[in-house]
Amino acid sequence: MLGIDDPYIWIAYILCFISAIGCMIYGAIKWNDGLDDEDVE
Amino acid sequence: MSVSTPVLGIAVLIYMMVICYIGWIGYKRTKSTDDYMLAGRKVNPFVLAFSYGATFISTAAIIGFGGYAGAFGMGVLWLVFLNIFVGIFIAFVFFGSRTRTMGMNLNAVTFPELLGRRFQSRFIQGFSGGLIAIFMPLYAGSVLIGGARFIETALGIEYNVAVLILAIIVAAYVITGGLIAIMYTDALQGALMFIGMSILLVITYINLGGITAAHQALTNMDPLVPENLAAIGHTGWTSMPAFGSDTWWILVSTIILGVGIGVLAQPQLAVRFMTVRSNRSLKRAVFSGGPFIFMMAGVAYIVGALSNVYFLNTRGMISLEAAGGNIDRIIPEYINSAMPDFFVVFFMLTLLAAAMSTLSSQFHTMGTSFGHDLYREYIKRGKIGKTINITKAAIAVTIVASVTLAYVLPPGIIARATAVFFGLCAAAFLPMYTGALFWKRMTREGAIASLLVGSFSSLFWLMFVNGRTATDIGISKMLFGTNTILTGTWTVVDPIIVATPLAIIVAIVVSLMTKPTPKEHLDLCFKK
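Chains as they are written, first to last, in this note's numbering: chain F, 1 to 41; chain A, 1 to 528.
Hint data in this document are derived by calculation from the structure and do not stem from the laboratory.
Hints should not be assumed to be uniformly reliable.
[What the hints assert, rightly or not] Stretch by stretch, here's where chain F covers chain A in the computed footprint (C-beta under 8 Å, at least three residues):
id, segment
1, 65-78
2, 213-219
[As the list claims (entries may be wrong)] FRET-style restraints, in silico, Cβ to Cβ:
id, chain 1, residue 1, chain 2, residue 2, range
3, F, Phe17, A, Phe456, 39 to 45 Å
4, F, Phe17, A, Gln120, 42 to 48 Å
5, F, Ile21, A, Gly9, 38 to 44 Å
6, F, Ile21, A, Lys527, 40 to 46 Å
7, F, Ile18, A, Lys42, 29 to 35 Å
8, A, Met104, F, Ile29, 23 to 29 Å
9, A, Ala191, F, Ile29, 21 to 27 Å
10, F, Phe17, A, Ala172, 37 to 43 Å
[As the list claims (entries may be wrong)] Derived lysine-lysine pairs resembling BS3-like cross-links, with alpha carbons at most 30 Å apart:
id, chain 1, residue 1, chain 2, residue 2
11, A, Lys28, F, Lys30
12, A, Lys515, A, Lys42
13, A, Lys386, A, Lys28
14, A, Lys440, A, Lys392
15, A, Lys528, F, Lys30
16, A, Lys31, A, Lys515
17, A, Lys380, A, Lys515
18, A, Lys31, A, Lys42
19, F, Lys30, A, Lys386
20, A, Lys527, A, Lys383
21, A, Lys392, A, Lys42
22, F, Lys30, A, Lys380
Since we're looking at a predicted model, the values are computed, not measured.
Glycine included, C-beta positions come from ideal geometry on N, C-alpha and C.
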């Protein structure tokens, strides 16, 4: 996989991408989640 | 150095002027204690994410751990995954929102104060503040050394002078502008780092013929692992070290778990959760925080490992050999040899930004811990002067301590300082901090017991069992005539494996044996 034979390494490599993209998806979905009294400008 | 000093000098000068300007804006905007300690509790989510990331990732993380990947390979990518998943996602979504809400409810302005007020104990606040004030200068000293070495090699300024210049510039905007100045300069420094590391990744993969081709070439280098490294478990740059070997233990216990989990209880990072106006801001910060950490740590480790392919193709040797056997020289050597000149200048700025962003937060956290938590709130029982003034004086004192350490400590101790501090925080603070946020049954006595057991067992392990630190510190040798009192695998096991579980058990047992916290106080702490 991706030129890496050891699954423990390519899994880590892919998890890095997945977790970074996952953070972006989570942030985007929750962008307007919840209201806060102070959240006005 | 392939780039002319004047070009780099001008770039550094412009960069410093912008930093000073932001520092001045921070100074103008600082009016209250909340402004100075918590940037007014209304920081923008992008600024929070970049500031958190830039503080977290120091020059040591890029050069030191990137070099480690160059020597030992891609196993360290597990740390990147934990940094993103635990250090960003778990931290912001679960710890962050509760920390922010509880901090507001209890009107806490520092991490030790949050813990102290949650458990109604000035001792917890004072002891935690003291622990940070004593041990963080070691960590700050090591970052200072990294930054000063950069100025020394890049600009040809004498090392001792470089330490002073760097400390004075950072001190100026930290002392005058407080956390507002720190977080906004961090965000700018973070943006510089983001661009620098992105270019580094793209050029590296292009030069080596693409992602799969580059990795395959690295995998093909397995037979080139030096015999002395193979003997301690090194199996190649795209495979994990042999299970249970010394290299495996150091990778998994100290680097992956110690730094990967330890990040949750870092005072200078946890305090940032209290700087935003709403829990929505924390969730928005996850959006940019995840990719930011990936582009910092992920890129440094991938590029560090792949530098082996570059050096094999161009010089017929592995990275460690090309760097003269010094792990810390791998990344600089690679940048200087493989990257275009314009990028070398830019990368130098990236490294300076990485050092300054970490340093500024360390100075601020040491000062608030020493001045506000230990001196004003614990020793003087909150009955003296104004927090801002005392904190400013304390920041100055701790900076002097860090600078002194940067001059006097031998390189051996300094190199271990980051791991030592992370490990200590994981044992001393993590069980107590987690209990404070998630377990209402945790009592003051349970928290104090956990704090003391975590701190002292961790320090004991560092001084008497862990081979690297115990040998450097030398107390074990002095008392018992032997570098470590245990032998074999124990000496490569990080304190986090022993001290943190011990502190967790003590926290649970003592809490269940003592009287629960009054309901009124819990209601105040956990009020939505």
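Inset, instruction - Sort out which numbered hints this structure fails and list those numbers smallest first. - result: 6, 11, 12, 14, 16, 19 and 22
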